[in-house]
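Those protein sequence lines, which keep their order, are chains Y and G. Just so we're on the same page, my numbering is the position in the first sequence counted from 1, plus 6. Just so we're on the same page, my numbering is the position in the second sequence counted from 1, plus 361.
Calculated directly from the structure, the hints in this document are not laboratory data. Nothing here was measured: the structure is a model prediction, and the numbers come from that model. Do not take every clue at face value.
[Stated by the list, open to error] Which bits of chain G does chain Y cover? Going by a derived footprint, with three or more residues having C-beta under 8 Å, they are:
#: 1; region: 438-450
#: 2; region: 536-545
#: 3; region: 553-567
[To be verified] Listing some non-contacts, in silico: residues in chain G with all C-beta distances to chain Y over 12 Å:
#: 4; residue: Thr392
#: 5; residue: Gly399
#: 6; residue: Ala480
Using N, Cα and C, we set each Cβ at its ideal position, and we do this for glycine too.
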Amino acid sequence: MKRPQPPLPRALQRRPAPPGDGAGPNGDQAAPTLKDQAVEVPVSVVGWLDERTGASPFLRGFLYRKVPKGTNWFYTLGSASMFAFLSQAVTGVFLAMYYEPDASRAYESAQRITNEIFLGELVRGMHRWGSTVMIVLVFLHMGRTFFFGAYKYPRELNWIIGVILLVLTLAMGFTGYLLPFDQRSFWATVVGVNINASGPVVGPYLADFLRGGPEFGAYTLSRFYALHMLLIPVLIAALIGAHLYLVAKLGTTAPPWLKAEKSKALAKEQV
Amino acid sequence: MAEPRKSPRQRKSRYTADRGIAGAYDGETVTRRRLFEGGAQGVGGIAVAAFALPSLGFALGPLFEDQLPERYQDIGPEKDFNDETYVPKVISIVPNTGEAGKTTIYVRRTDPARDERNADQPYVAISTRCAHLGCPVRYVTASQRFICPCHGGVYGFQGEVTGGPPVRPLDRFYTKVERGRVLVGARFSLNSKLERFPHPRDPSSHLDGLWQYLYPGRPST
């Protein structure tokens, strides 16, 4: 049985040998050139992996899935949000290498990232502005879904997952805002936690959970740090996986201005 | 298909042999497959609970434990204070947190003519934590008002709300005098009649009428 060839760019595809050239007197192939061998390396690596994981039917189905007619730039907002998340994740991991979540050292370490560490200003700036970009993109993505009616059957569950992702994204913004630990972030977080406390019955307990006690103290910063860099990102990554699975499973919707074409056979029947 | 529908009241036999399950033993009520299924899930559940419950308790512990032990701190000799106006003092409210754990309080001597309630406290020590959302208020001597910079909360000389969004008067601290020094202790909250409540509340917790039951005092405060 012939294995299906993986979809390769033209430059990497094996060219058939020109007729009558290079074939020996007995009809066997000439020894492969160095270039042919070099081209073969990535193909065989991919083939080795594919033989063992069986990933290529899944990947082909996922990456080359059919999209409806009329798909346009608005449909890129979801992947844009995901790339914003990936950018936040990568810059965040590297910021964590220099940041110290300690009430007496957090501010200095954030200052050191900006002022002393090579490219620190850039990476911190990417994380700081990327957070805003991510929230804007998530809202645009939500608006696209709403106005295109893409939340309707059978995609309600994906809307629900999306709303949870929106809340988690806002929670990321809230917990991350404290970490520079300057006057602005400190008092903004005090006010934010007390807004949580203003909810009846559960509010005060929620505020206690966020602060790690009745007062804004030593553990508040490390708590926010742990939530910001472990708990919420893991939840977001897992839910993005579920969100994408459902997108691939259910497909995307056509834009609402596109009417379904009647099949010619059906039109004839109606006449 | 042809079998007549059983009445819903007629229950299936307890015995797997009577239910026609392949490989059933006589007198057996649960198949081995079923037992092991339940067993494996139960063991998995116990394993998850063994790490999840302590971790959850660890994260939620602060809600239920008394975190701030009662302690009094010295804020100066009695001659520093008077009953006419407030004197600002800095106290440390959460130990070991550096500057972030410190807060300003405003202190004056209790004036029996003015302070009918809470007259048992030798000094009036007003917290600068706004009762709206916790911003730091400052005392403006000329107008005898506490003013919050964030959302425009205004309080009178007793810390009572005279304007803006706050829901109750400014909190106070317990005070006492020892060997001529003024000591400041734990925080307490008041309602609009300046009645004292046993547990201090968060900013934004109403304490009047039925509202007080929607914002319960907690063991942690």
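For each hint, the structure was consulted:
Evaluation of the coverage hint for the region 438-450 of chain G: breached, as 0 residues show C-beta separations to chain Y shorter than 8 Å, against a requirement of three. Only when three residues or more bring their CB closer than 8 Å to a CB of chain Y does the claim for the region 536-545 of chain G stand; here the count is 0, and the claim is violated. Taking a C-beta to C-beta cut-off of 8 Å, the region 553-567 of chain G contributes 6 residues in contact with chain Y, enough for the three needed, and the coverage statement holds. Against chain Y, the non-interface label of G:Thr392 holds: every CB pair exceeds 12 Å, the least being about 34 Å.
Non-interface status of G:Gly399 relative to chain Y is upheld: no Cβ of that chain comes within 12 Å, the nearest being about 28 Å off. At roughly 27 Å, the least C-beta separation between G:Ala480 and chain Y is larger than 12 Å, which holds for a residue marked as non-interface.
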